[in-house]
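Could you build all of it, start to finish, from the sequences and the hints given here?
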Amino acid sequence: MKKERFINDAAVYVLKSNWWLAALLLLTIIASMAIQLIPAFIIRQIIDEHFAKGIVQGIWLLAIWYLAVQAGVNVVAFVKTVVTTVLGQKILNRIRMLMAQRLSKLPIQYFTNTPVGEIMSRLTTDVDAINTLFSSGIIGMATDLFKIVGLLVSLFIIAPQLIWLEITIVPLIFLISNYYRKNIFRFQKLVRSKVADIYSFIQEWLRGIHTVKAYSLEENGKQRFREPLESHFAAIGKISLYDSLFPCLMQTIRAVVIALALWFGAKNGTFLSLALSTGTLAAIADLVGRIFAPIEALAQEFQTIQQAMAGISRVNEFASEPIEDRVYIDQPIDKSQGLVIDGVTFSYGSVPVLHALHARLMPGEKAVFIGRSGAGKTTLMNIVAGLYRPKEGFVRICGVDPYTIPPRKRRRLLGIVPQMPQIFDGTVTENITLGDETISQEEVEAAVKAVGLGETINALPQGFATVIGEGAAGLSSGETQLLSLARAIVANPQILLLDEPTSGMDSKTEQRVFSAIRTAGTGRTIFSISHRLSGIIDADRVFVMAGGNIVKSGSSEELYENDDWYAMYQKTINAGWDLS
Amino acid sequence: MKKIIPIATNKPRLISYLFKYPKQFVLHAIGGIVYNTTVIFGAVFLGKTIDAANLVNNDEAPLSLFYLYLFAFIASTIFFQLARYVKRLNSRAITNLMNRDIRTELMASILNMPMSDLRQEKIGDLMSRIIGDVEQVSSSVLTTVREIWDTILLILSYFVACMLFSPKITLLASIPIPIVVVLAQLLRTPLYKLSQRTRKVASGINIHLQHNVSGISLLRLFGLERSDRRKLNTLLEEQLRWSVALSALQGGATPLFMLIAASGIIVVVGMGGENVVNGVWTVGVFTAYLGMFTAMTSRTPSVARVMNTWHGAKASWDRICAKLQGNNDDNLCKSEVSLRASEPLLQVNSLSFRYPFSDDSGVHAISFTAQSGEVIGITGPIGSGKSALAAALSGLFPYEGDVFVKGVPLRELKEQRSGIISYMDYEQFVFSADVVFNVALDRDYGDISPALELASMTDDITTFENGLETKLMERGLRVSGGQRQRITLARAWYGQAEILLLDDPFSAIDVSMEQRIMQNIRSSLKNRTVLLFSHRLSTFEMTDKVIVIDKGYISQIGAHHELVQHDGLYRDIYHAQRFMDTGN
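Taken in sequence, the protein lines are chains A and B.
For the first sequence, my numbering begins at 3 and goes up steadily by one.
For the second sequence, my numbering begins at 25 and goes up steadily by one.
Worth double-checking, as some hints may not be accurate.
As the list claims (entries may be wrong) - Simulated crosslink set (EDC-like; lysine to aspartate or glutamate; CA at most 16 angstroms straight-line):
id	chain 1	residue 1	chain 2	residue 2
1	B	Lys575	B	Asp383
2	A	Lys411	A	Asp438
3	B	Lys255	A	Glu439
4	B	Lys255	A	Asp438
5	B	Lys438	A	Glu221
To be verified - One side of the interface only, derived from the structure: several residues of chain A facing chain B at Cβ under 7 angstroms:
id	residue
6	Ser242
7	Ser246
8	Val342
Simulated from the structure, these hints should not be mistaken for laboratory data.
The beta-carbon is built from N, C-alpha and C at its ideal position, and this holds for glycine as well.
Here it is, written out as structure tokens:
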């Protein structure tokens with residue numbers, strides 16, 4: 003298995019194709035180092051050259067310079083922020099696109115076995131962590147390292163004798179900051195897990211609210227809620243303590259270090275004295291004071307990077323998911339052939355689901371597969387639809403293998419109406435074409451008319467251009483299912499696959515959907531699965547499935563006449579009784 | 025400190041929470057005031073130290089002066105940093121206490137809501153109120169308080185200190201400060217809009233991804249994954265533009281404000297410099313003043329934030345209050361009724377019920393009587409109203425008509441209800457806690473093993489690694505569906521409730537075990553009565569009476585052996601089920 007490296011690939015690609023932005027970024031990093039040193043030198047200049055010598059002339063010019071430098075610092079900071087955002091976002095988008103590409107190569111089982119929430123968190127939170135790594139982590143770290151080096155060099159220029167003091171304090175400050183950050187991150191993790199406990203508690207007790215109410219557990223709930231709350235309170239208390247103490251401690255240390263530097267620098271009555279000029283002393287106080295912020299930031303970035311590594315490894319893990327070895331083969335569609343299921347065997351892992359099924363539908367024939375839940379209906383449909391590849395045997399639709407048919411030809415071959423219609427955010431037209439530009443507006447309108455939805459859509463405020471979405475505002479559940487049917491037939495497919503298209507509908511709506519299916523299904527082969535019979539009366543052939551086998555088949559009438567089991571089955575179902 | 029704030033009748037005021045914790049509040053206020061007023065001494069003494077070094081250098085002052093100021097510099101720093109620590113620690117303590125206490129109160133108030141109101145609530149929404157909104161409110165309180173001390177008071181103390189050194193320079197150099205405050209206020213709206221816009225695009229991408237992942241099979245079936253990626257790409261490009269615009273405005277605004285605020289520095293350096301040359305100021309005063317002025321101006325852009333944060337918390341606070349003031353469940357009230365042993369255990373007269381706010385057709389005109397020691401089977405097709413009848417009899421919802429429990433109307437039982445009626449609803453919910461809790465639910469009726477024995481769970485428990493202390497884990501994942509069902513059955517049996525409502529108790533249990541449990545129930549029934557709601561008729565042979573519900577009304581009622589002898593729905597289904605299960 004090839005180890006994919008999305009992140010490196012994306013970063014290298016973006017930095018290469020935006021090399022001038024990358025260069026600009028590097029420039030701002032160096033500039034922000036250089037520019038922060040100037041104020042100290044200006045102050046020294048003013049004190050030593052003007053104050054000490056009593057020269058007024060030139061002070062105002064230096065004052066203007068002082069402000070100009072401040073302006074420069076801000077401009078550089080501004081440019082750096084923007085460039086970092088641009089590059090960070092570009093890398094992010096690149097990674098997202100690579101991941102999206104990857105998604106379409108993963109087998110469908112990956113999606114059934116992995117909760118949507120987990121896939122989403124990889125695509126969003128984990129990728130965001132990588133952005134943090136880039137913008138706050140790496141860029142921040144480079145900036146701060148440059149700043150520290152710049153400050154040390156300036157201090158060396160001003161007072162070379164003092165450099166040993168600064169060299170000693172840098173690692174010291176870093177160690178303290180790092181110790182603090184490490185603990186803070188540890189506690190943050192703890193707090194997050196405590197928040198998760200609170201979440202689970204609330205979720206559990208509200209999900210079980212029936213039980214809570216039935217057994218009058220309200221008071222117990224309140225008492226038991228204390229436990230996660232108190233332990234969260236204790237954990238966050240630790241963060242508060244560290245958070246409160248650390249900046250105060252650092253400022254105190256900063257004062258002590260400045261004092262030490264001044265003591266060495268000034269005439270102090272001991273042999274260690276350097277007796278520097280007043281301007282130099284003021285500059286040292288300024289520079290030494292400035293060295294703290296970048297070191298503290300460095301410790302923070304150090305931890306940020308470590309945290310973001312988790313995101314990276316999760317993204318890389320995703321990148322290494324085994325992909326489907328699906329090869330698309332362009333095959334001619336032979337309309338004179340129907341659907342052939344030949345010796346199809348399937349298992350999930352080692353659990354056998356289908357045992358060598360055989361079935362053959364003539365073009366235009368309408369077949370329904372029935373059976374209690376767990377009989378293997380849905381799996382068979384997924385194989386016919388080409389989502390799974392059978393372990394043994396094969397499926398042919400008009401002579402074409404549905405598993406290897408190229409994506410752009412799929413809709414011309416088969417249309418599917420799932421049990422729960424899915425509506426995407428977009429216009430009615432977009433919901434029918436699903437973004438397929440080869441489908442014309444006329445075809446969309448014809449399909450909508452064929453399913454008897456024409457008037458409904460025309461009555462919408464913007465007709466076909468009306469935006470529908472989550473919950474499909476303006477459309478009833480039956481209409482949503484009809485829309486889904488229009489989506490299936492718009493490309494004029496040879497075969498329609500119906501997955502219990504009327505489950506959960508009242509009988510009036512059900513009749514409307516069935517009559518639409520009758521109209522839209524004219525001349526097409528129909529493969530449907532159901533555990534309800536009420537509307538499949540016009541099926542030419544019924545296949546009864548049980549335990550992964552086809553146990554009976556024949557026309558509805560034949561089965562009803564000659565088969566007790568089928569008669570009983572139909573009786574139970576017609577009475578509306580639960581089959582499980 | 026475990027204080028529970030009593031539920032107020034009128035809307036509680038957020039500000040009042042600040043004063044709920046007087047000790048922390050006073051300490052943090054003292055710390056804040058002391059820190060922000062004494063912090064100026066840091067810059068002052070640093071300047072004085074440099075001055076003294078200069079004087080000592082020129083032999084104009086004794087060395088002790090230098091040491092004195094050096095010491096004062098360190099000592100004052102330690103002092104005001106200590107005050108700052110007290111301020112920070114206590115302001116955080118207030119936030120944490122608020123978090124804990126509002127959450128306690130909110131959860132209590134939610135649990136106390138009547139079941140019919142709770143059915144309207146979305147768990148996700150309630151969770152985001154208890155977690156997110158509370159967090160938002162308490163952190164806004166923290167920010168506001170912090171800004172009041174650390175921005176307004178700090179700027180004020182620096183300003184006063186600067187005025188003491190030189191009113192002229194201070195006033196002149198401070199001219200840009202109010203301009204920045206106004207500008208920051210003006211820019212707030214576009215910045216807010218832009219950030220909302222950016223967030224919207226980002227959430228659009230999330231929704232797109234979510235739809236794609238959950239609808240992957242559809243997209244794949246239609247061969248559309250590629251065109252969908254193009255759409256993702258467009259969305260990502262759009263996000264790039266918005267977030268760059270936001271970062272430009274945000275990244276541009278703050279430095280710009282700082283720059284405007286700091287532009288007075290020309291006056292400070294220029295006029296201050298002249299002061300030094302003219303002997304009005306010492307070098308130390310100059311550097312101290314410069315330090316203080318810089319600290320003051322860097323804080324200026326934050327002034328506008330104080331009121332805004334408070335404003336932002338208001339929406340969250342309203343969302344919290346809405347639930348803090350929910351209705352109270354009647355079933356929690358004291359009841360003063362006494363049951364009459366001479367009356368039938370359960371008498372239902374023309375009962376009508378549907379779940380509140382639902383489109384279900386519910387049940388209507390239901391009348392029957394249940395005596396002590398009876399097992400009554402209730403059945404019907406999908407959607408006939410079986411579960412609705414069970415819910416109506418549970419007493420958790422309002423109903424029409426009459427239900428008498430030993431002569432007392434069900435709705436008047438109130439807090440006595442759960443001691444008399446055990447309701448095992450169709451969800452068969454288990455807690456993540458251990459078996460003991462799941463059966464006993466903190467009720468103290470002695471040993472739980474007879475109840476587990478009745479539910480045929482005894483053997484299963486021995487296979488659990490920690491026996492009765494085995495935690496069932498979230499959603500009862502540790503146990504099978506059948507075990508979960510039997511644990512909730514044991515829960516309903518445990519205790520002394522005389523009326524047991526069992527809604528679909530055997531759906532995940534095989535027929536032989538179902539039979540065994542039914543026999544257990546029959547033999548240990550005594551004076552209790554069991555109402556068994558099920559669509560599986562195999563166990564109904566052991567009932568005393570069967571009620572068939574169809575489309576919300578009673579369609580057949582009678583003993584099992586009577587019903588199977590007469591034409592009708594019950595007989596058809598009974599035979600069909602038996603045939604499909606056994607083949608004859």
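Q: Against the structure, test the hints numbered earlier, and report the numbers of the ones violated in rising order.
A: 8
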